[in-house]
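Chemist: Taken in order, these protein sequences are the chains called E and L. For the first sequence, the residue numbers in the working numbering are 1 to 268. For the second sequence, the residue numbers in the working numbering are 1001 to 1214.
Hint data in this document are derived by calculation from the structure and do not stem from the laboratory. Keep in mind that the hints are not guaranteed to be accurate.
For lysine-lysine, the following DSBU-like pairs were computed, each having C-alpha atoms within a straight-line distance of at most 35 Å [said to hold, decoys possible]:
| no. | chain 1 | residue 1 | chain 2 | residue 2 |
| --- | --- | --- | --- | --- |
| 1 | L | LYS1210 | E | LYS74 |
| 2 | L | LYS1086 | E | LYS74 |
| 3 | L | LYS1210 | E | LYS17 |
| 4 | L | LYS1115 | L | LYS1086 |
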Amino acid sequence: MNCQSCLDRMAELADEKLDAQTAASMREHIAGCPGCRREFDSLRRTLAALDALPSVAPSHRLRARVMGDIETEKLTLRRHSGWATAIREAAAPRPRRRHPWATLLLQSLGACALVALGFTVGERAATQRQLAELRTKVDTMGQLFEQSVLQKRATGDRLETVLTAATASKPDERVIDGLINSMAFDTSVNVRLNALNALYLHADQDVVRASVLACLPRESNPLVQVAMIDFLVAAREHGAAPELRKLAANDQADADVRESARRALDQL
Amino acid sequence: MTATAAEIPVHCLPIGVDWRPSPAVETKAPQSDHELMLAVRDGDLDCMGELFERHHGPLFGYLAKLTGNRTAAEDIAQVVFQRMLKYRHTYRDQGSFTAWMYHLARRCASDHFRKSAPAPISVDPSELEHHADESRGADESAASRDDHAVLQRALGRLDRDDREVLLLSRLQELSFAEVAGILECSVGAARVRAHRAMRALRDHYFRIQKEPLT
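Work out the full structure: start from the sequences and follow the hints.
Modeler: Structure, rendered in structure tokens:
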């Protein structure tokens, strides 16, 4: 072992990443070489200081953003697979039908004409049905696309969408789903709060109350958490009690959130 | 209405999809990173959430030290996971997930540095301290010659390439062969570069300790 090869692998020695034989050989060299010993000691101290640097934790925003990306990708995947299915169905050759009257076709020219006419009409009707189905699928895919790109739009636009949905005179299931999604996954606190406010009108629906309850432990913003607790109290959601108890006892939670949870438990 | 929150999974719902909990939700045996990523590649994107939980902390720590900027580190970390989703089909059967992730992270960080080229990398000691530990004042840290602050300043004085190879080589999850793969050089070259970077860090570290207080 010479000084150069010893220097090249000093970091690995400090990390104890070397095999026993190489490590022993290096230690023997270092013990007898003042230059390498100084180098090794100073490197080891530096690396120890580097490894002792406190690890910093990312904010909760990172999790919300990445989870939003995953959900958006899932929607895109479903959209693509939906398209693929529709296209496959449209492009697939129609299975050949075994006509029981094939023998008659050979035997009778008149019967053959009738069967051919019937087949043509049937085929056309089937094609039209298939086209109608395809259009429906395309509509659905378009709606899915609209939903999946929602997160990519500016916050102001997303907020406007939520506010428009909130004022819809007869919101259907799709609108309510959209509001739930915005409350659960939008990266903007403002959008989430407005989506939650819009859902007050539909608090009589089980799915809405269950959604708010499910989102509560995942929500990281104290403002939205408090608003969700208020919603659950207003909706008299007794199933929220276990979650509220957890929040009230959670020292990591915001003080206002804990207080709101305690108050909500009393009210429920 | 008696369901508890824990029983109700929240999904970003496509229109028309049944919202109710899927009966497929069941406890699975812990999977390796590699198995999870293969599942992601095959279309089970929920597994990406588990990979995020396992790796976002160390990844963010690496990026925060590399950039000296928490906000930039968060942005880059998000792009890394976006690229994992986007390029999941390129993940190989025999691959190491961690090496692949840091390979993507290196590319994403390069893109970040290229885009923000006019802005100098944080070399101002007080700024570095601020990024390293926002809970304490930079002045206070500098005055106390806190060892962490000194090291952060030393890191900030390294060339970006040196900082990159040094931080990668300190990740316990990566072997030197994997670091070499990420850096696209031979194992020997990676060792030499890492050692050179360590010596440069050491020199800065001890020099800063001897610098007079300002």
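Chemist: Report the numbers of all earlier hints that the structure fails to satisfy, in ascending order.
Modeler: When the structure is compared with the hints, only number 1 turns out to be violated.
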